[in-house]
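Residue numbers (the working numbering), protein chains in the order written: chain A, 1 to 267; chain B, 1 to 267; chain C, 1 to 267; chain D, 1 to 267.
I should point out that these hints are in silico values taken from the structure, not numbers from a laboratory.
Don't take each hint at face value.
Repeated chains share a single entry, so a pair holds when one copy, or any two copies, can fit it.
Taking lysine-lysine pairs in the DSSO-like style, the calculated list, with each CA pair at most 27 Å apart, reads [as the list claims (entries may be wrong)]: (1) Lys-169 / Lys-61; (2) Lys-263 / Lys-187; (3) Lys-29 / Lys-120; (4) Lys-184 / Lys-263; (5) Lys-112 / Lys-160; (6) Lys-60 / Lys-241; (7) Lys-241 / Lys-263.
Protein chains: 4
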Amino acid sequence: MTKKDLVVLPDVQSSEDRRNLPIQRVGIKGVEAPVLVKSLGGSQHTVADVEFAVSLPGDKKGTHMSRFWTLLEGIDEPLAPVMMVGVMKDMLASLRSTGGHIRFEFPFFIEKAAPISGMKSTMNYKVVLSAEADDGKIVVTQKVTAPVTSLCPCSKEISKYGAHNQRSKLSVAAVLETNFPIEKQVKLIEECASCPVWGLLKRTDEKYVTEHAYENPKFVEDLVRDVAIRCIDEPAILAFKVEAENFESIHNHSAFAIITYDKREHS
Amino acid sequence: MTKKDLVVLPDVQSSEDRRNLPIQRVGIKGVEAPVLVKSLGGSQHTVADVEFAVSLPGDKKGTHMSRFWTLLEGIDEPLAPVMMVGVMKDMLASLRSTGGHIRFEFPFFIEKAAPISGMKSTMNYKVVLSAEADDGKIVVTQKVTAPVTSLCPCSKEISKYGAHNQRSKLSVAAVLETNFPIEKQVKLIEECASCPVWGLLKRTDEKYVTEHAYENPKFVEDLVRDVAIRCIDEPAILAFKVEAENFESIHNHSAFAIITYDKREHS
Amino acid sequence: MTKKDLVVLPDVQSSEDRRNLPIQRVGIKGVEAPVLVKSLGGSQHTVADVEFAVSLPGDKKGTHMSRFWTLLEGIDEPLAPVMMVGVMKDMLASLRSTGGHIRFEFPFFIEKAAPISGMKSTMNYKVVLSAEADDGKIVVTQKVTAPVTSLCPCSKEISKYGAHNQRSKLSVAAVLETNFPIEKQVKLIEECASCPVWGLLKRTDEKYVTEHAYENPKFVEDLVRDVAIRCIDEPAILAFKVEAENFESIHNHSAFAIITYDKREHS
Amino acid sequence: MTKKDLVVLPDVQSSEDRRNLPIQRVGIKGVEAPVLVKSLGGSQHTVADVEFAVSLPGDKKGTHMSRFWTLLEGIDEPLAPVMMVGVMKDMLASLRSTGGHIRFEFPFFIEKAAPISGMKSTMNYKVVLSAEADDGKIVVTQKVTAPVTSLCPCSKEISKYGAHNQRSKLSVAAVLETNFPIEKQVKLIEECASCPVWGLLKRTDEKYVTEHAYENPKFVEDLVRDVAIRCIDEPAILAFKVEAENFESIHNHSAFAIITYDKREHS
Chain A
1 MTKKDLVVLP DVQSSEDRRN LPIQRVGIKG VEAPVLVKSL GGSQHTVADV EFAVSLPGDK
61 KGTHMSRFWT LLEGIDEPLA PVMMVGVMKD MLASLRSTGG HIRFEFPFFI EKAAPISGMK
121 STMNYKVVLS AEADDGKIVV TQKVTAPVTS LCPCSKEISK YGAHNQRSKL SVAAVLETNF
181 PIEKQVKLIE ECASCPVWGL LKRTDEKYVT EHAYENPKFV EDLVRDVAIR CIDEPAILAF
241 KVEAENFESI HNHSAFAIIT YDKREHS
Chain B
1 MTKKDLVVLP DVQSSEDRRN LPIQRVGIKG VEAPVLVKSL GGSQHTVADV EFAVSLPGDK
61 KGTHMSRFWT LLEGIDEPLA PVMMVGVMKD MLASLRSTGG HIRFEFPFFI EKAAPISGMK
121 STMNYKVVLS AEADDGKIVV TQKVTAPVTS LCPCSKEISK YGAHNQRSKL SVAAVLETNF
181 PIEKQVKLIE ECASCPVWGL LKRTDEKYVT EHAYENPKFV EDLVRDVAIR CIDEPAILAF
241 KVEAENFESI HNHSAFAIIT YDKREHS
Chain C
1 MTKKDLVVLP DVQSSEDRRN LPIQRVGIKG VEAPVLVKSL GGSQHTVADV EFAVSLPGDK
61 KGTHMSRFWT LLEGIDEPLA PVMMVGVMKD MLASLRSTGG HIRFEFPFFI EKAAPISGMK
121 STMNYKVVLS AEADDGKIVV TQKVTAPVTS LCPCSKEISK YGAHNQRSKL SVAAVLETNF
181 PIEKQVKLIE ECASCPVWGL LKRTDEKYVT EHAYENPKFV EDLVRDVAIR CIDEPAILAF
241 KVEAENFESI HNHSAFAIIT YDKREHS
Chain D
1 MTKKDLVVLP DVQSSEDRRN LPIQRVGIKG VEAPVLVKSL GGSQHTVADV EFAVSLPGDK
61 KGTHMSRFWT LLEGIDEPLA PVMMVGVMKD MLASLRSTGG HIRFEFPFFI EKAAPISGMK
121 STMNYKVVLS AEADDGKIVV TQKVTAPVTS LCPCSKEISK YGAHNQRSKL SVAAVLETNF
181 PIEKQVKLIE ECASCPVWGL LKRTDEKYVT EHAYENPKFV EDLVRDVAIR CIDEPAILAF
241 KVEAENFESI HNHSAFAIIT YDKREHS
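In isolation and in its complexed conformation, chain A is listed as follows:
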């Protein structure tokens, strides 16, 4: 291919559009890519599902999708909240746009010691690191979802023995202006559950988690409230959305709850 070839091929996307309808978002999604993510004291390798999009003015026919790829391949530092602002600015400059979003969803791994035996195993957490830009304002959100155990207070209270419990997904999507370690966000969440979960548990550990959950019964409503209180107390978090979903062990459906909170409206 020579420069001449490029000139010869018509650039349909750049032609004028007469429908005059702005497009809020146009981009690519479902891109799977190996990425490096900032961790406490270093970084870790993982795999992300990636989405890039920009806004398109009413008089432009199309965007240039291949530029998103150049942007993605060019990222040269571990993913973290603060560097997302730079990636967003690069994207808006490259695609000559004033709005857009960027989204990386990936599993994040933490080596955890079992509560009694101390045996180590690797736990996985789902993280979504995203940036949204509109009219020049860039907002970065770090969402961490931790699997936990929840144990029903009502079931415990009314039953002669036992209490139904189940795996729950408990998450915080935090609006941040500084880096906030994923490990710290995981800890904030896990401490609000009936009990955290682990990969490997020996019998002594199983005894501990069973009794610990029984001593800490929580409704799905309690989960989101307790996490919300921790988020309010954490200065790095400017606004947040807490979500809990209980995969009920006595039903074939989930119970869920959501709290959204913006500290800037409460100060």
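Chain A is already provided as a structure; the job is to place chains B, C and D on it using the hints.
What follows is chains B, C and D alone, placed relative to chain A:
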């Protein structure tokens, strides 16, 4: 069970909560249920994924999840936009709440005649019928997603022969205050694609759809703009969100575009 | 379209193939269709994911995909094991093949009364009804998956109080030569769990299911063995595969177990 | 925890079972773990979904699930076919079993240069590396799935212009006794498609892939046959299963085909 039993068991959910944090949404999801849906001139049987949630004031410990089930089992008319207002009012009354949402997602079936042979087959479309209430205001949205063919204008223009094409999902989420037939919303969408898709196509039909798509090349941006113009012209639609996703045949990722538009802000 | 048009269009699929490689299965999948399914004393409407495939001899270039659709649209009785033999024979005749498979996967609904309050709600179960043909022999399998509660015997035994429990999927894929009601297959499965699950449970019911599960602790190994024993005792079942998957409440992964058993090899 | 505590806790799993029903497979699944995978000239980081299972004799009540974790955490070389034999032997020894399976599913990444512009981008392929043991015999399978473009020969032949095309998934599950590079298995597959796919394509590349696909029309049957012939010619592959699925651009369902072939039965 007697009344006495009920009195004996403590009602933990109804106790007072001192954290004083309102919960925006608490409810159930992942409920799978057989439902009847309003269709042109009648109704059809299908299966829905159902979600119900309400808001909970800061001083209430928990909601009463079983009441959502009573509500669901009590629905006695085919699902449609207008009746959703009634279901919402019943839910808010039953759970003594001022906000919440209701969501039914289901496949909807339309018998279509192939374009040339006229042979009939059943096409499936995904529909999400939802209602959202906040501070007494209820908004009902009917989202219809149609699979269609999109053919790339750039690929057609620059190539000696052929043009890459692929299956796309094209959807309209329409804010409605009256019933609007799903069949009509499907037609509005399909007419904006490079070509609709069918279940059964004979060779004469395949010739037609191949040539028809080639004669109607559309970028993902064209798909959302053309549908948006049709929505603007349709008086029943008060506001809308149009989304297109192309499962690109030359990539392992999707191209997508979104237009949101509220007529009440443009009049 | 006239007969003449059909003659004019070349039939590429019917041409000879010189690679001489037989194809074990060729067909369509991902077809979503409304279906009627036989139930105890009648039938019910549901929605199925459908797959049809045949074998293709080494000298034939392609199969005729549209004939699968004609077959699907022509089914005129409720789905059940015995009628699947007829559908298979029709498919093999229509596509001039000696082997193939047919698969319908659908949710099946049963109205259940809660164990103490007697309040009714609709439970959903996943069913896969399939037929496989090779060299003229047709085997029909009915797989039913029921969500249940499992409670860990080890956790109960070693802990001062409580015991971890969770939702499990417990299934039987039964080879049948007669119709066997899905409701009966569900019951066979549910009776082997620590406790069945329900849609709607009042507090008196919740007390019951909590205590009932605590009194019936089962490992994932116990679940498959207890179901297997029931299947061995059930004369209608000729061979079976039992699977259990526990969505562990103390881990972020599942425990699972499988037993396969063919009575014809044990008699 | 002291040794004494361990002795005190009863080991329920090790107790005798009187139902005398062997369990073919019992283990863990849904484990997400960071792994290192062998690549051409080195190794790469990725994330795997992991499954481990063993067979359990009829007189043993349960297996020891935590040992699977010890095994997983102890793997100290990049994943590849030959080392899987060692992992299997370790598992059977650790769990005192004679049968079982191991399964790693992960995305694998290859940097590809676009066909004309030469611009580089990272493509992702799905790989399943698995081992199965029964009665002491261990079989290792490496399955690679590549997304490709398929273009319909019938549509091309009967239409005045254009031809419907779509993304397809084309895979080979190869039984191997030596290491066989994933990159080589990808290449074998991609060369049999109407055209490979890339992440980033400039306009000159788009012209190439459009024309190249048009010049190489293939039915789903052609895809599996052409790949099968390549597998027969490749000495490293002892037996194989080839699968193709076309996400038809003119339908809302897939066409698919499967060839299974064991060279040891054809020699």
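> Among the hints numbered above, which are violated by the structure, and what are their numbers in rising order?
Replying inline: none
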